[in-house]
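Participant: Just so you know, the protein sequences line up as chains L and X, in that order. Going by the numbering used here, the final residue of the first sequence carries number 579, and the count climbs one at a time with no gaps. Going by the numbering used here, the final residue of the second sequence carries number 671, and the count climbs one at a time with no gaps.
Derived from the structure by calculation, the hints contain no laboratory data. Since this is a predicted model, take the numbers as computed values, not measurements. No residue lacks a Cβ here, since even glycine has one placed at the ideal position from N, Cα and C. There could be a bad hint or two in this list.
The calculated SDA-like cross-link candidates involving lysine to any residue, where the alpha carbons are at most 25 Å apart (straight line), are [unchecked claim]:
(1) K535/L <-> N77/X
(2) K511/L <-> I36/X
(3) K535/L <-> C548/L
(4) K531/L <-> Y41/X
(5) K511/L <-> L40/X
(6) K531/L <-> K288/X
(7) K511/L <-> V664/X
(8) K60/X <-> F557/L
(9) K60/X <-> Y555/L
(10) K60/X <-> I502/L
(11) K531/L <-> D167/X
(12) K621/X <-> V307/X
(13) K535/L <-> I506/L
(14) K320/X <-> D561/L
(15) K511/L <-> Q49/X
(16) K511/L <-> C548/L
(17) K511/L <-> W662/X
(18) K60/X <-> A518/L
(19) K531/L <-> N77/X
(20) K531/L <-> V664/X
(21) K126/X <-> D561/L
(22) K511/L <-> L79/X
(23) K122/X <-> K20/X
(24) K60/X <-> Q338/L
(25) K20/X <-> A87/X
(26) K511/L <-> V38/X
(27) K122/X <-> W662/X
(28) K534/L <-> D561/L
(29) K60/X <-> G508/L
(30) K359/L <-> Q338/L
Distance windows between CB atoms, simulated [said to hold, decoys possible]:
(31) L28/X <-> P527/L: 32 to 42 Å
(32) Q49/X <-> K534/L: 14 to 24 Å
(33) V660/X <-> R482/L: 29 to 39 Å
(34) R482/L <-> A659/X: 56 to 66 Å
(35) L39/X <-> R482/L: 28 to 38 Å
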Amino acid sequence: MSQEAIASQSLLTAEFLARLDRLALMARKTQLGMTKGERKSKRRGSSVEFADYRDYVQGDDLRHVDWNIYGRLESLYLKLFHEQEDLTVHLLLDASRSMGFGSPAKIDLATKMAAAIGYIGLVGYDRVSAESFADGMTHRLAPCRGRAHAGKLLTFLSNVHADGRTSLEDSTKSYILRNRAKGVAVLFSDFLDPEGYEGCLRRLLQSGSDCYAVHVLSREEIDPPIAGDLKLLDSEYAMHVEVSASPSLLKRYKKNLEGFCESIRQYCLARGIGYIFAPSDESLERLTLDALRRGGMFK
Amino acid sequence: MSSWDLFWRNANTFLSKAFLAPPYLWFLGLIPIIVLLYLLKLRRTQVVIASTILWAKTLEDLTANAPFQKLRKNLLLLLQIIIALLVALALSRPFLKMQGTAGQNLCLLIDHSASMQSKEVEKTRLDLAKDRALELVDAMQRGDKMMVVTFAENSDVLSELTEDRSRLRRAIMSIQATDTGTKLRDAFFVAHSLRLTVPDLHSVVISDGNIADLADIGPRVFDNQRQVADQSTEARSRGYDLSFLQVGESTNNVGITALSEREPVPGESGDRQALVALRNSGTEKAAVTVTLAFNEQPIAVEGVEIEPGTDQELVFKHGELGEGILEAELDNDDALAVDNHAWLSLRPAAKLRVLLVADPAATGTYFLQRVLTPDPRVELSTIAPANFAPTSDYDLTIFYDFAPNAGQPSANATAAAAPASQLPAGTLVFIKALPPLEGMVSEGTIDNPPIVSTDAEHPLMRFNLNPANVGVHSAVKATLPQGARPVVSTSGGTLIADVSRGGQQIVWIAFDHAESDWPLNLSFPLFFQNVLAWVPRSALASETSIDAGRPLTLIAKPEVTTATISTPDGRSEQVQLDPLRPVFYSNTQRAGVYTVELGDVQERYAVNLLDPTETAIKPSDALAIGRGEFAAERGQVRQNRELWRVLLAVALCVLAVEWWVFSRRAWM
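In isolation and in its complexed conformation, chain L is listed as follows (with noise of 0.2 Å):
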């Protein structure tokens, strides 16, 4: 499918893609791969990278021993190689209601930047596996693999709709039970879960993965426009809080959200999964281009 045909998709534009084009996906581990492909390999393999020596055994392919080592200590050794594999992208959305708020959207955001790392990931020729989650809804994409399936992918995020309450940790346990490939999870949501943001992040990371948390927020979120005495209604839970608005009190809010974003922060420094913050109305180039770039997510 051609860019233009993918920008069609409204998702991204065509100059992005041509941008994203030049980026390539890093992984900052090495591993297991599902099927062969351009990425380095925890497996030995065929591939051009010398990996180490080991003795002959009978049964070997002759045709991996080096004969030059023969020649000088007249034992037999075969040269391995490391294993050329693919890698696999995990795009996990937090589709919660919570994410449909704010202007643009954290949603919108949120898709947008999946489309992106998606598309590198197809463009390098990653498996891609997307998911949307929210409280007893799921949509998923099937892994799938090269530029052919970007706009599959970009279909697919076009549809996700935020609806449903949140519940990271149960839909991220059920996601990585489900996919045991490792590779690149990158979670995107507000995080805004009354059971806490730690159990998600920690089954993320058992699922041995590369884990990257984007932690998206709208400006409503970030600075609260509110004046009077008010009714806040939570959009997932039957909860409310009553303020009257006062200055004392939208500066005690903004430092506790600071300190929110803060301790989400440290936690995933602490267990190097990297974090980005991402303001709603952010635009998606500096994100993606930059914030993502320098956190070692694309070269």
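For chain L, the structure is supplied; the task is to place chain X on it using the hints.
Facilitator: Below, chain X alone, put in the same frame as chain L:
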């Protein structure tokens, strides 16, 4: 009294010193209501947000102390509480005692009584009072008005409310000291009545505070206030805008407070006695010498020591002195000189000349003679109606069954009206005869008239005279002339009436006392005693001393038309007399001996201060008028400045800020 009552009383006392209308402080109850409304307020705007997790965490510590934490730092609530507070305070009319009189209309009430003659370091108290008054005139600003009223025994308005400072200064400078007592009441009501048209009139009493009639003022103030405004008397009295500017400091004074002369007490020696009462109102023991003189010839001298704050009475025995002036004199040099002298005019008691015009053989005549003859004051003459000719030689003429110019009237006859000028001079009593007065017409008779009502206020009905059970055979029924005052009434008519006219006292008795059992009743002699006491000369006859400021009553024979009065300070005045009625001479502000020449008759009258209130010259620290007490101010005049305007202005400003905050959502 329980502690709660005590607390309540103390709170009331405190509030009344700071607020004119403390009941409005109940409006402060609005504040908890506002707070309650805030707490109960349900009308919150509902906003759906992504998640309340962060907000809940933010409010965690706020809700920890709910519900009052909700109110913390709520600017609108704070502003509304402030507005309610300011409005409640404004309604309760707080005031402050502030210096200065600028921007107000002032009524100066200046005391010029005897005690104001007390000597201070260099000046008299009256001079100090004038200085203070002039200072107030100097402090007047453009648009301020002032009036000057003096008070002593009598009150005078020296200047009505004016902005003319030079006129005010002249009025103040013209104030002269008098030797009279102090009565504030009249002056106070002058200012008080003016407050109806000039509501912001501030009264300033400049005095030493020794005022005798303060107790008489309060009730009247309350009565008037009740008519003027529908407010509690207590609140209005507190609101009375008055300052008391005290002058004077000296306290040492010994004065004569009473002087009298009397016949010897039965059983004692035959000498007559003069009694002199002294008072030492100072703080130190005083040794004084009292000299008693008769016609300027000393007849006795006695030295006496008087403890501070006590009275001392001296009795001088002396022989028969005859007619003349008895004078008592103190030789001490104290702050107040006017009370160091007192005089008595000794003269034989004047006889009341009474003419009874009646048939000497009539029973009624007998009863009248029996009533009048025993009185030592009375010089009774009886003539038959036929011999009667109008004369001015008698103080009292009683017509029994006869009226001049009317012949012998019958009960049914209409009396011929005679001009009042043809009547004899003096007091007239008509019994069973219709006075020949215009408008007085007989309308028949009433048989067995019961006595229905009496006018207890009339001088003829003194001593609670009650002839209710008197039986009368018949009475003349007549229309009374205009201005007549029924004294004893029956159903459908009058039995005794005061038909005085043109200053001449005339009494009409509509029935024949001989045809009733009245002469057998105690009220009969008492009634005629009252008639005798009512005769003007009888009051004069017993007077040996007159209080300074009270009028002299001048009665002379008709041919004497002018009286010449010589005052103690050497002046001489001519007074026109009226043949029909007494003339009053009121210019008696100076104590001393007044000599009155009535034709060839010369009479001397003693005018004295003799007022313990004036002798006690120690300045008073407060004026207690009604339920209000006005503390003395020695420095600049301080007056109540009400703060409600300022409070309401601030409340309006806060209201504007509150609206701005609400509309702009500022600091919310």
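Participant: For each hint, tell me whether it holds in the structure or not.
Facilitator: Hint check results:
{"no.": "1", "hint": "K535/L <-> N77/X", "verdict": "holds (20 Å)"}
{"no.": "2", "hint": "K511/L <-> I36/X", "verdict": "holds (23 Å)"}
{"no.": "3", "hint": "K535/L <-> C548/L", "verdict": "holds (20 Å)"}
{"no.": "4", "hint": "K531/L <-> Y41/X", "verdict": "holds (23 Å)"}
{"no.": "5", "hint": "K511/L <-> L40/X", "verdict": "holds (17 Å)"}
{"no.": "6", "hint": "K531/L <-> K288/X", "verdict": "violated (82 Å)"}
{"no.": "7", "hint": "K511/L <-> V664/X", "verdict": "holds (20 Å)"}
{"no.": "8", "hint": "K60/X <-> F557/L", "verdict": "holds (21 Å)"}
{"no.": "9", "hint": "K60/X <-> Y555/L", "verdict": "holds (23 Å)"}
{"no.": "10", "hint": "K60/X <-> I502/L", "verdict": "holds (15 Å)"}
{"no.": "11", "hint": "K531/L <-> D167/X", "verdict": "violated (67 Å)"}
{"no.": "12", "hint": "K621/X <-> V307/X", "verdict": "holds (22 Å)"}
{"no.": "13", "hint": "K535/L <-> I506/L", "verdict": "holds (16 Å)"}
{"no.": "14", "hint": "K320/X <-> D561/L", "verdict": "violated (122 Å)"}
{"no.": "15", "hint": "K511/L <-> Q49/X", "verdict": "holds (5 Å)"}
{"no.": "16", "hint": "K511/L <-> C548/L", "verdict": "violated (34 Å)"}
{"no.": "17", "hint": "K511/L <-> W662/X", "verdict": "holds (22 Å)"}
{"no.": "18", "hint": "K60/X <-> A518/L", "verdict": "holds (16 Å)"}
{"no.": "19", "hint": "K531/L <-> N77/X", "verdict": "holds (15 Å)"}
{"no.": "20", "hint": "K531/L <-> V664/X", "verdict": "holds (19 Å)"}
{"no.": "21", "hint": "K126/X <-> D561/L", "verdict": "violated (92 Å)"}
{"no.": "22", "hint": "K511/L <-> L79/X", "verdict": "holds (18 Å)"}
{"no.": "23", "hint": "K122/X <-> K20/X", "verdict": "violated (35 Å)"}
{"no.": "24", "hint": "K60/X <-> Q338/L", "verdict": "violated (68 Å)"}
{"no.": "25", "hint": "K20/X <-> A87/X", "verdict": "holds (22 Å)"}
{"no.": "26", "hint": "K511/L <-> V38/X", "verdict": "holds (19 Å)"}
{"no.": "27", "hint": "K122/X <-> W662/X", "verdict": "violated (65 Å)"}
{"no.": "28", "hint": "K534/L <-> D561/L", "verdict": "holds (18 Å)"}
{"no.": "29", "hint": "K60/X <-> G508/L", "verdict": "holds (19 Å)"}
{"no.": "30", "hint": "K359/L <-> Q338/L", "verdict": "holds (15 Å)"}
{"no.": "31", "hint": "L28/X <-> P527/L: 32 to 42 Å", "verdict": "holds (34 Å)"}
{"no.": "32", "hint": "Q49/X <-> K534/L: 14 to 24 Å", "verdict": "holds (23 Å)"}
{"no.": "33", "hint": "V660/X <-> R482/L: 29 to 39 Å", "verdict": "violated (54 Å)"}
{"no.": "34", "hint": "R482/L <-> A659/X: 56 to 66 Å", "verdict": "holds (58 Å)"}
{"no.": "35", "hint": "L39/X <-> R482/L: 28 to 38 Å", "verdict": "violated (49 Å)"}
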